[in-house]
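Quick note: the sequence shown uses the UniProt record's numbering, first residue 1, plus one each step.
Take the hints with a grain of salt, since some may be wrong.
Label-pair ranges, simulated between beta-carbon atoms [what the hints assert, rightly or not]:
no.	residue 1	residue 2	range
1	48	203	41 to 47 Å
2	23	168	32 to 38 Å
3	247	22	19 to 25 Å
4	335	116	18 to 24 Å
Below, a list of computed lysine to any residue pairs in the SDA-like style, where the Cα atoms sit at most 25 Å apart [to be verified]:
no.	residue 1	residue 2
5	170	233
6	89	53
7	65	13
8	108	325
9	369	256
10	108	91
11	261	235
12	170	183
13	65	85
14	369	325
15	170	252
16	170	365
17	261	142
18	170	60
19	108	177
20	233	365
21	233	220
22	369	109
23	233	254
Hints are computed from structural coordinates only; laboratory data are not their basis.
These numbers come from a predicted model, not from an experiment.
Every residue, glycine too, gets a C-beta built ideally from N, C-alpha and C.
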Amino acid sequence: MVGGGRDAFIGAVHRIAARLDDQYELVAGCFSSSPEKALASAADLGVPRAYASFADMAAREARRKDGIEAVAIVTPNHMHAPVAMQFLKRGIHVICDKPLTATLPEAKRLARAAEASGVIFALTHNYTGYPMIRHARALAQSGALGEIRVVQVEYAQDWLAEPIEQSGQKQADWRTDPARTGAGGSTGDIGTHAFNLAGFVTGLELEELAADLQRFVPGRRVDDNGHVMLRYKGGARGMLWCSQVATGNENALRLRVYGTKAGIEWAQEDPNYLWFTPLGQPRQRITRNGPGAGPEAARVSRIPSGHPEGYLEGFANIYAEAARAIIARRDGAAADPAITFPGLREGLEGVAFVDACVRSSARNGAWVKPAL
């Protein structure tokens, strides 16, 4: 692991997720840009091989007979590419937190390097790991929704409703610093999740967008609210709202998809239910392990019906899918075609989405195409 040491939130989430299915052992890490904190964090976690720099870690682990097979990158956005490059050129698989990078040119360079290296590259858009999202995707792919016409997705939070970055709050500090988070604030932090989720379920490809981004909190340097209109290839239309100043909302990620035959609705804060409404019929509630849920949901479920699964398990499903792919590669076997996890393509699309939002908003909401 690179990043995720003392006082970091997401590192602990990744460590729990990686261990949930007993597919990983954490044996090496550079847990901070501060050498002292990096070594202290390794001691806290009982990690046997501690490094003060990620470049040293990549070089030395690649020379070991028992060196790491994969690295988890859980740093702020601006460090994703520099860290990944060090491990890619040594043939070490990468599991990276989203977004792929802080800038689009950087994302394109990283994608080229990853493709040339031939390693497994997983991006932890964890909401794609939820069982009912897998079922929603299967419904869309099967044609049960018909031709998709309308997509509505929103991700609302309120934790940045006040300028807490000015108090030194670590998570707010780097997420509101354009040098570390990139040009997009809420668009990069949570808008990318919403955009990725819509594409994962529907399979639709973005043609162009029009965005209106705001910095409601005085002094803030990146957007904290965004309204985005989406035009998909093939004619479908979408609306995306992301906000970190939506008072009263904790982690309200919601998706609605409407086709010619049926509509679906899902909410992250109530993730074990998917609402399915065929045209002209009563609304149906499909549960994670209940009647109507298909094998796509079952293969990423762990516990019996009625027991909720959510955030940590979603992350764990990405780790488990990546592990299956890595093991198949290591063994020279064909990977199971059912293995599904976000990777380079989704990462590029996400960074291009943020770039297009920023460009569009700067032009007073003009329609722009993603610069892929």
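Index of numbered hints that the structure contradicts, given in increasing order: Numbers 3, 5, 7, 14, 16, 18 and 21, in rising order.
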